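Peer 1: Letter by letter, the chains look like this.
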Amino acid sequence: MMRGDKGTGLALRYVAALAITTIFIFPIYWLAIISFKTPNEIFAFPPVWWPESIQFANYAVLFKDGDVNAIWNSMVVSTVSTVIAMLLGTMCAYSIARFRTGGNFLSDWLISNRMIPPIAIAFPIFLLYVKLGWIDTYLGLIVLYTAFNLPYVIWMMRGYILDIPIELEESALVDGCSRWRVFRKVVLPMTRGGMFATAVFTFIFAWNEFIFALILTRSSVTTFPVQVTHYFGVDSTFWAKISAMSMLGMLPIFIVVAIMQKFIVRGISLGAVKG
Amino acid sequence: MAQLAIHGLRKFYGKVEALKGIDLDIPEGEFCVFVGPSGCGKSTLLRTIAGLEDISSGTIEIDDREVNDLRPRDRNIAMVFQNYALYPYLNVFENIAFGLRSRKTPEAEIQKRVSAAAEMLGIEAMLDRMPRQLSGGQRQRVAIGRAVVRDARLFLFDEPLSNLDAQLRDGMRAEIKRLHQEIKKTMVYVTHDQIEAMTLADRIVLMRDGIIEQQGKPLELFERPVNKFVAGFLGSPQMNFVTTRLVESGNGLVLKFNHGRSLQVEKSREASLKNWIDKEVILGLRPEHITRYVTADKNSHIGEKIAVTVDLVEPTGTRTYVQFKLNDEEITAELPSHMVDKPGTEIDVLVDMGRILLFDPKTELVIA
Amino acid sequence: MTGVQANTGTGNNRPSVWMRMGSSIDRRFKYYMIFPAVLIILLIGLFPAVYALITSMQGITMMEEDTSFYGLMNYKELMNDSRFWESLLHTMIFVIIALPAELILGLLMAYLFLERLPGRQVFVALLVLPVVTSPIIAGANWRLLFDNRYGPVNQVLGWITGEPVTILWTVDANYVYLAILIAEVWQWTPFMFLLLLAALSNVDQSQMEAAELDGASFTSIFKKIVLPAIWPVMAIAVLIRALDLFRLFDVVWALTRGGPGTTTETVSMYAYVLGFRQFETSLTSALAFVVIFMLAVTITLILRRMEIDR
Chain A
1 MMRGDKGTGL ALRYVAALAI TTIFIFPIYW LAIISFKTPN EIFAFPPVWW
51 PESIQFANYA VLFKDGDVNA IWNSMVVSTV STVIAMLLGT MCAYSIARFR
101 TGGNFLSDWL ISNRMIPPIA IAFPIFLLYV KLGWIDTYLG LIVLYTAFNL
151 PYVIWMMRGY ILDIPIELEE SALVDGCSRW RVFRKVVLPM TRGGMFATAV
201 FTFIFAWNEF IFALILTRSS VTTFPVQVTH YFGVDSTFWA KISAMSMLGM
251 LPIFIVVAIM QKFIVRGISL GAVKG
Chain B
1 MAQLAIHGLR KFYGKVEALK GIDLDIPEGE FCVFVGPSGC GKSTLLRTIA
51 GLEDISSGTI EIDDREVNDL RPRDRNIAMV FQNYALYPYL NVFENIAFGL
101 RSRKTPEAEI QKRVSAAAEM LGIEAMLDRM PRQLSGGQRQ RVAIGRAVVR
151 DARLFLFDEP LSNLDAQLRD GMRAEIKRLH QEIKKTMVYV THDQIEAMTL
201 ADRIVLMRDG IIEQQGKPLE LFERPVNKFV AGFLGSPQMN FVTTRLVESG
251 NGLVLKFNHG RSLQVEKSRE ASLKNWIDKE VILGLRPEHI TRYVTADKNS
301 HIGEKIAVTV DLVEPTGTRT YVQFKLNDEE ITAELPSHMV DKPGTEIDVL
351 VDMGRILLFD PKTELVIA
Chain C
1 MTGVQANTGT GNNRPSVWMR MGSSIDRRFK YYMIFPAVLI ILLIGLFPAV
51 YALITSMQGI TMMEEDTSFY GLMNYKELMN DSRFWESLLH TMIFVIIALP
101 AELILGLLMA YLFLERLPGR QVFVALLVLP VVTSPIIAGA NWRLLFDNRY
151 GPVNQVLGWI TGEPVTILWT VDANYVYLAI LIAEVWQWTP FMFLLLLAAL
201 SNVDQSQMEA AELDGASFTS IFKKIVLPAI WPVMAIAVLI RALDLFRLFD
251 VVWALTRGGP GTTTETVSMY AYVLGFRQFE TSLTSALAFV VIFMLAVTIT
301 LILRRMEIDR
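Protein chains in written order, with this note's numbering: chain A, 1 to 275; chain B, 1 to 368; chain C, 1 to 310.
Be aware that a few hints might be false.
Said to hold, decoys possible - Computed footprint of chain A on chain C; a stretch qualifies when at least three of its residues, placed anywhere within it, have a C-beta under 8 Å from a C-beta of chain A:
(1) 37-51
(2) 236-247
(3) 270-279
Claimed, not checked - A short, non-exhaustive set of chain B residues, derived as facing chain A with CB atoms under 7 Å:
(4) 50
(5) 52
(6) 81
(7) 85
(8) 89
(9) 98
(10) 99
(11) 102
(12) 103
(13) 104
Please keep in mind that the hints were generated in silico from the structure rather than gathered at the bench. Here the structure is a predicted model, which is why all the values come from computation and not from measurement. Even for Gly, the Cβ is constructed at its ideal location relative to N, Cα and C.
I would like the entire structure built from these sequences, with the hints used as guidance.
Peer 2: Okay, structure coming up:
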């Protein structure tokens, strides 16, 4: 490989890394500063790259107008569906991993669920939800996201569970644990790392999901991606609201990413390596 | 009254028969060792006793109660695993207390029993440490502590010392023996190491390919093996085997070797060898039953003399292993170091004919 | 010995990872454990699929609720629908251009970050951000960037060319594709980058060093040692991205709404329009199955190719 870890090689690589990262971060930066600009600055020509002062009026508007509800809705739906998906998914993964329940049929079916394009089932689900009265309800979206995330959770957790030395479970069984207790007291603690990584991605998926949120919500349970699209009018675009809302929406994700940084990288790559 | 009784146990893995009909009766308080080469089924047998594997046919009885369909937790057994199976996220105390907590034992009782067990194993100072902070030997003790702390009727050990280095192994072996003497419970111990088997067992169960080749007291298997496999498995260095021919000569039966050499068979054995005259037999001879013939020392004239050429000399301190050939097969003899010459020398050795064994070449069973 | 060994020690021939338990309690346990998950997936997965299959062969449109059996008429109608084929074309353009772009850029970036670099953690953490952003936000974000008067893109281009640039990125048919591709590649190249970085880190160093000593060129080392080693991860990454690109919706929706007109309409967007604007229930269902069928065929072909390549 190129001897690029010393001297000029290192310096060049560092500059390149800096440049590339800047390019990738710039759009987000731009979005951020718009949210802090005054209307005059936003619509200044030529565009202003650094606002005169940081002002939060745009955010205040969101709170005043109640648009912030969208963030709350996203929070509720994403968190609850993640928790449920993690719990049920890990249970299912344990059964499949240790007991080969359902054999190849179940595993194949679960994998195939990931491959169905959402739009293919969007309309039937819409009709189903109308019948069930689940349109524009927390329950509806939560069940949906849980269902979407379960195959992923099962797939990932199955891999993590298989990594646990089986002696730990056998020892617990001999020592007097019931199967359920083994699951609670041995399997869950041992897979904590894997659970975090998987939970992060499950949460992110639910948080960012758009199509079904668009179709299945009206006004009470609008999630934040849908809310943002409300700001694209036919003739006017509410720039300030778009940027402020987007930043608010990205904030929880950024926090989660910052905390779970290690797990994210491992999660993305392991997901592929475990294949 | 047997405490662990196994009758006609068979186990199939798909089409492969791992256990081919095991019958075993282990009385209470006995230390029984399952030993054998890799793949003989000893671990599988242990695991079926534990209930971690199910059986295809036959019965397992613990305390006269059939346990075939009972879950492990209901069989009242404790088990120590080869890899210790310690929970990395719990400290030593919690690891040992794990089983008690599962059975909802009251807190005070847990405290008492865990401390007692820790003391017995010399780990009371480590109760609040985490497994990763312990050495291999200490971890093994915790694993044993976890088994001991419950009042189980039967203790199972699955190659617990295999992961330790040689020195540690010797020490732990003694501790396990001491443990058995102290708590006096029935113990079933699996190992592939025949030295462990010999030193620890009240009874050895030697297995091969899913059946029990022989079981009994260690000395019994050592001195009176039923076949070539058992004879060759126990004892280090291994027993020597030479194919030779039994013929009649002037004053009795002799075993003929190349270069005109022969060894006279004891008169007391002649009766059982009647049908083997002029046939090939396998001679089994342990290295320690061969000594050096010293002309001057009248005391050493026990056994039959035979002339050999030294091939290889391996000194190991007080004893030295000398190799020579009989019938073109390598024989190892264990001689005192000061009695050994250079390779190529021709010496006379004495074979203790009272200790030899003769085997049928086809069935490998002992003839005499 | 069959099956996979699970972290057992040396002498233990344990043929099964799975615990073979005969007791009925355990049999019930394993089914209880999968029951809730399977139930939920069935509810959301099975019913709609069955319903869609049925309606795809009926005649439910905006006007009439004709539930008689139409057979494959809807499918034929779709085949004759030019808008359908156009949407398919648009989608394929995105797939064919974005995927290689993300792959190559991701690979280059992975090589850049492969060797020791101070503060690599920070760089990687920042580079993850586009991936975890909602595609809608990404689209909205780039829409602001591409604004012809108030967005910095035209401004920067103006600096480079020396003349004012007024490209209407999200409206001008000549530039919309570029705009969407830029946004898409921006968001997902880091995904490829992370995966490939992990894969490259696992390539056997000693193999590469030996080849270097032997005087092998960079390209041949890459072809013969690196590529085979990262191939499994790369294949999965390509598969995932290909599927995602095929389903492209959010980003396009935010940037152009499929416009101008229907120039950038993807298959997913057409399906949405068909079902939720025109209420052509049966046609939509038929479209859904056509999409599923095409995907299934593509996946099988890709998987088979992957098997062959091994």
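Peer 1: Each of the hints needs a verdict: does it hold here or not?
Peer 2: We went through each hint and held it up to the structure:
1. Figure legend: the stretch 37-51 of chain C, annotated as covered by chain A; annotation consistent (11 residues with Cβ-Cβ distances under 8 Å, at least 3 required).
2. Coverage of the stretch 236-247 of chain C by chain A holds in this model, with 6 residues showing a Cβ closer than 8 Å to a Cβ of that chain against a need of three.
3. For the stretch 270-279 of chain C, the stated coverage by chain A holds: 4 residues have a C-beta nearer than 8 Å to a C-beta of that chain, and at least 3 were required.
4. Nearest Cβ of chain A to the Cβ of residue 50(B): about 6 Å, under the 7 Å cut. The hint holds.
5. Checking residue 52(B) against chain A: minimum C-beta separation of about 5 Å stays under 7 Å; hint holds.
6. Checking residue 81(B) against chain A: minimum C-beta separation of about 5 Å stays under 7 Å; hint holds.
7. Checking residue 85(B) against chain A: minimum C-beta separation of about 4 Å stays under 7 Å; hint holds.
8. Look at residue 89(B): its Cβ gets to within about 5 Å of chain A, closer than 7 Å, so that hint holds up.
9. For residue 98(B), the suggested interface contact is upheld, since its CB lies about 6 Å from the closest CB of chain A, less than 7 Å.
10. Interface hint status for residue 99(B): upheld, as the beta-carbon distance to the closest one in chain A is roughly 3 Å, under 7 Å.
11. Because the closest C-beta pair between residue 102(B) and chain A is about 4 Å apart, less than 7 Å, the hint holds.
12. Residue-level restraint check for residue 103(B) holds (minimum Cβ-Cβ distance to chain A is 5 Å; threshold 7 Å).
13. Hint status for residue 104(B): violated, given a least beta-carbon distance of 9 Å to chain A, over 7 Å.
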